[in-house]
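Visitor: Sequence:
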Amino acid sequence: GPAISLEWAALPWYALFSVGRMTAAYILSLIFSLLYGRIAAYNPRAELVLMPLLDILQSVPILSFLPVVLLSLSAILPLKLAAELASIVLIFTSQVWNLTFAWYQSLTTVPKELREASNIFRLNSWMRFKTLELPFAGISLTWNSMMSWAGGWFFLMAAETFTVGEKDFRLAGIGSYLQQAANEQDYRAIALGLITLVAVIILLDQLLWRPLLAWTDRFTVSMVEDHEPATSWFYEVWRDSWLAHTLSQRLFAPAAERLDNWFIHHYPLPTNAARRSRSSPVATIARLLVGALLLYGGVRAAQVLAALPAAQWAEIGIGLLATLLRVLVALLVALSWTIPVGVAIGTNRRVAAVLQPLVQIAASVPATALFPVLLLLILGLPGGLNLAAVLLMLLGTQWYLLFNVIAGASAIPQDLKYTAALMHLGRSGLWKTLILPALFPFLVTGGITASGGAWNASIVAEHVEFGGRTYHVTGIGSLIATATGSGDYSLVLAATLAMVVTVIIINRLFWRQLYRLAESKYRME
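Position 234, counted from 1, in the sequence shown is what this note's numbering calls 1097; the numbers after and before it change by one each time, with no gaps.
Source of the hints: derived by calculation from the structure; they are not laboratory data.
Warning: the hint list may mix true and false statements.
Now the in silico label distances, taken between C-beta atoms and shown as ranges [to be verified]:
#, residue 1, residue 2, range
1, 1100, 912, 43 to 49 Å
2, 1124, 1103, 28 to 34 Å
3, 1065, 1130, 37 to 43 Å
4, 1286, 989, 37 to 43 Å
5, 891, 975, 29 to 35 Å
6, 1125, 1078, 36 to 42 Å
7, 1171, 1217, 32 to 38 Å
8, 1111, 1156, 45 to 51 Å
9, 1110, 1333, 54 to 60 Å
10, 979, 1070, 52 to 58 Å
11, 1368, 1130, 34 to 40 Å
12, 1106, 1066, 15 to 21 Å
13, 1294, 1050, 42 to 48 Å
14, 1217, 978, 35 to 41 Å
Note that the coordinates shown come from a computational prediction; the quantities given were computed from them, not determined experimentally.
Note that the Cβ used here is the ideal one computed from N, Cα and C, for glycine as well.
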């Protein structure tokens, strides 16, 4: 592996490398989300497969992706390139799920009159995407992009400091710098690394996220202009600059016009006959191959599971119930504070100016780094590790809810606020008739991603090694961790499948029904 320098002069380069990996992973996440979410939202048959698959993927522990990806890539690529690609894939898996759910939620709640207008103008798929769908989802995608970057920083240290046996896959970056400083107990270097990380987060907030929020504010579904619109000093400087006008006239506008003409020419509005004849032999063969692979995998898994004794199945059932209870408690605690704080940030620009950078910094701090401190404080209290497990789940999931609540509060139309003021609804009436209904679709998106994160975190929350001792509580995460350590792969498979099936059932029976309710009753018409 590379020699990680702890000199302060290396930090700007390490920050640049880390931001580059984060950017590559985010671009990959955005492309995946736009394609995947659109297919799931507009193709009912595909939705039956894609949304349960998304539920499974977001519930699989993220760190379990890395060894498989890393060893597979290192077998066919040079070691350094394999490590770079694997780190990008790991960061991608921490960024993509909430973006996909946010895009899907936006597509399913576009106001009907706007869809009818796009049909009257006979917009093809590209023009509808450019002029309706992407602008309507702009606020939600921006806030969830901020959440995705926070999640990426969360897993950056693991992505840049991975080793397998004698193979060293470390990469130069802020994450590896902080780990090296911690290993050498160099507190000065730890402080410098943390200061650099916070500085990068603040710079991104000022130069990227605030300008994006100020720009997407124009896409709020409202009949009147907000009396206190989102502002950004950098956006105002850039908008009025000579460079922006020159690039717009000579580069961006001509390129956009060529792109529009190309899509209109090659993908015109399809006729009904064209819509009916989209199935092809290639698609049929692909479906048959996937079906055959799934059937083979199902048969092999059934053979392994059939040999599992009844006592272990009972242990799995008890573990599922215990973890489910912790997930519910973590979600309820998160909702109790993220709704009022998120509404305050989303509706008050002065509060947002102060709290927005602090929220991004807090969401970027790895919860696993704080867990040993929490463990020391909590083990002596009633509840002990049970309370600590709920807190670790809470630390990893509350930000999904908070960022989505902020996005929902920011998207409330100003004319509805004026109407509520004219009706003298009072605080409770305002929350009941305007704020909570407007937040509902965003709460569903935040809830489904937060619950997936809580199930994901159960493996490290319920089974902890600290101070030379192992602490564990009853739960499916603890069961998977214990079975993995003892090499009981039949139990690992059974427990993992049980967790996946449970998450799918909950999402289909609860969260999907809430999506349907948001689509039918709480869209901005």
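Visitor: Which hint numbers does the structure go against, in order from smallest to largest?
Guide: 6, 7, 10
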